[in-house]
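Add chain Y to chain X, keeping to what the hints say.
There are 2 protein chains.
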Amino acid sequence: MKKSLLFLLAAMIIYPLAAQQTVHRDRGTIISPEVHADGSVTFRLEAPAAESVEVVGDFTAADPARPQPPTASLTLNQEGVWHYTTAPLRSELYNYHFVVDGLAIKDPSNVYIQRDIASLMNYFIVGGAKADNYAIQDVPHGTVARVWYPSPSTESKTRRMCVYTPAGYEDSLCDYPVLYLLHGMGGDEEAWLSTGRAAQILDNLIAQGKAEPMIVVMTNGCPQHASAPGESHEGMYKPYGVRSMDGSFESSFGEVISFVDGRYRTIRSARGRAIAGLSMGGFHSFYISLNLPTTFGHIGLFSAAVRPTSGGIGGVYDNSDEKLATLFESAPALYYIAIGREDFLYDHNVELRRRLDEAGYPYTYIESEGGHTWRNWRDYLVDFLPRLFR
Amino acid sequence: MKKSLLFLLAAMIIYPLAAQQTVHRDRGTIISPEVHADGSVTFRLEAPAAESVEVVGDFTAADPARPQPPTASLTLNQEGVWHYTTAPLRSELYNYHFVVDGLAIKDPSNVYIQRDIASLMNYFIVGGAKADNYAIQDVPHGTVARVWYPSPSTESKTRRMCVYTPAGYEDSLCDYPVLYLLHGMGGDEEAWLSTGRAAQILDNLIAQGKAEPMIVVMTNGCPQHASAPGESHEGMYKPYGVRSMDGSFESSFGEVISFVDGRYRTIRSARGRAIAGLSMGGFHSFYISLNLPTTFGHIGLFSAAVRPTSGGIGGVYDNSDEKLATLFESAPALYYIAIGREDFLYDHNVELRRRLDEAGYPYTYIESEGGHTWRNWRDYLVDFLPRLFR
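Chains X and Y, in that order, are what the protein sequence lines are. So for the first sequence, the working numbering puts the first residue at 176; every next one is plus one. So for the second sequence, the working numbering puts the first residue at 176; every next one is plus one.
Incorrect hints may have been included.
Just so you know, same-sequence chains aren't split out, so a pair can sit in one copy or run between any two.
Claimed, not checked - Pairs of lysine-lysine, BS3-like flavour, derived with a Cα cap of 30 Å:
1. K332 - K413
2. K332 - K385
3. K332 - K305
4. K413 - K305
5. K305 - K385
6. K385 - K498
7. K332 - K498
Derived by calculation from the structure, the hints in this document are not laboratory data.
For reference, chain X alone in the conformation it holds in the complex (with noise of 0.2 Å):
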């Protein structure tokens, strides 16, 4: 028994020291951010020496009486805490950070934490609406897999994907259909899944049947890059915008079909293919679409970077009007197309929308609030999902 005691103690002692090598460790107590039930978040920060301490968030008030500044001063308490709660917010998801005497830094009781190009951005989510869609439910989960490709048109010659494949895809003998993902300029592979909840929206939808159990492949639009920075032998380099709307990569995208095809029990005719993409993957879903008219049976543009005339780096918009009516000879299922009002693409977007107007081409409109925003994006993928593959 005494033993018994002895190790304990001993075993005690393990975690302290579970890491010596750990050069910085946060033992304390302090929980930040905490979110409450009525969708107010207080934010916690030790830093007694300090003289000034400020929460930067996107933050909306879910009662527009009671507004929540984005930027707000946290008080110090004589524990040496810094602290501050907002109004209740929307159910949505949040980044923020602290300014510390002038210093933006992330919150250090925050492990949780998304990358945008150069940037780490803490986040949460406040839940009981919309974002339960982002969080992680109690239900069954899909797989995700960090997958290489060959890719023998681009410099890199192998490339790497992200690829959801829904609960069940391996115990099953079906095929499934497969939705392309594409990030925007100064994203990559991991966007969709990172900013995007992507992975959690598609586990919850398909969960509540709202949409069908599907296969999600996440490339990378930049062939510039192999991977995500980090991700491949171009090494841990600080990453940087990458533009790549010249058709390079989406001229290339029949190997990223070939290798999906090849590795999945996919279903492979139109019917069950979409492609959608935000911004510069909007540009990219609406061009590889109009090269490739008789592969997607789904297409949808989000804040998309199209220019619907001729010319572009490339050519990339040559022939385009003959390029969508032939497209739309074969009768895609959804054309689909989602903006905010405040988005600086919008009148792109109109003069697309024209053109298809003009046509006679049916299309899905989608005009909602805000600008050009991952939190606009989740909304478009949370609306487009369910009408895929029906």
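Frame of chain X; chain Y shown alone:
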């Protein structure tokens, strides 16, 4: 032409606007850390208003005559950028953070981070020797998947694992050997991939012909949780160290093996199975191999938390002499013990070896410098993998 230029201009605007939702965007040109060809490293932080900036890291100088202190002060230049350059460092993966006016912060210019329980740590790699194994090289890459498996004997019923399948697995018809690789206290199914760099080490050793192509299954050794923090419907709680050495995870391990053998093309016998773990995971490997004495042909105990006498929580050590005898009757191809001379578990491992020696059981013993550190555990993995399945 004019329109093309306008489009180019519009496209360039997309970059800064690509994520209006981002509340903090690092648009700076600060590169930190910068690893130089000689292994010295420059740190930089833009903080013109700060009064003092220090870097704290687990540095090891390449040349003892030019030592590198673990804490060093940065110097402010006229542009408001603090900077410091280390002595040349030995090839290694290093962690560090900054301290600004007494507050520990992450390096805002470095997006590469690892998590240890509730702490995020910046890291970088100094290559040129052993740490080249931790970097991603231009070799074929395996697939890394996050997979949910049924675990009816545990409270969560389904649990999460990470699975590495080697390059070529999907295009082959062969059965593959499997290494079950277990984390320590405070870790989870992500630990060996993140801090352990297991996927990179496997890609590199397999490409060099030093290790056999193998499947590697990384489980979560804390049955109190279904997954790593934030990866299950338990939500985005603040991570805390979980000790689980009472047999409750270990006794569910048959569920892991039967899932893996059902889903993957595996060699379903001891010659094609290995189990290894660090610290608490070393205890798990010890315990599981004792209780499934004909299942694993290769057993690895890295800095293992073994107290090889009777008793223990839940009687996990009961009858261990008899169980060891049964295990060694089946003549495992490898029984591997590795520990650092400064490890606080060193004496327990001396005692384990004494027992093995007295009984005349063969084993391989590696004694290294240092203590209970990921640095050692990565070294042990690199040493262990080539000994498997040969």
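We went through each hint and held it up to the structure:
no., hint, in the structure
1, K332 - K413, "within (22 Å within a copy, 41 Å between copies)"
2, K332 - K385, "between (38 Å within a copy, 25 Å between copies)"
3, K332 - K305, "between (40 Å within a copy, 27 Å between copies)"
4, K413 - K305, "between (34 Å within a copy, 23 Å between copies)"
5, K305 - K385, "within (14 Å within a copy, 50 Å between copies)"
6, K385 - K498, "neither (32 Å within a copy, 52 Å between copies)"
7, K332 - K498, "within (29 Å within a copy, 51 Å between copies)"
When each numbered hint is compared with the structure, a violation occurs for hint 6 only.
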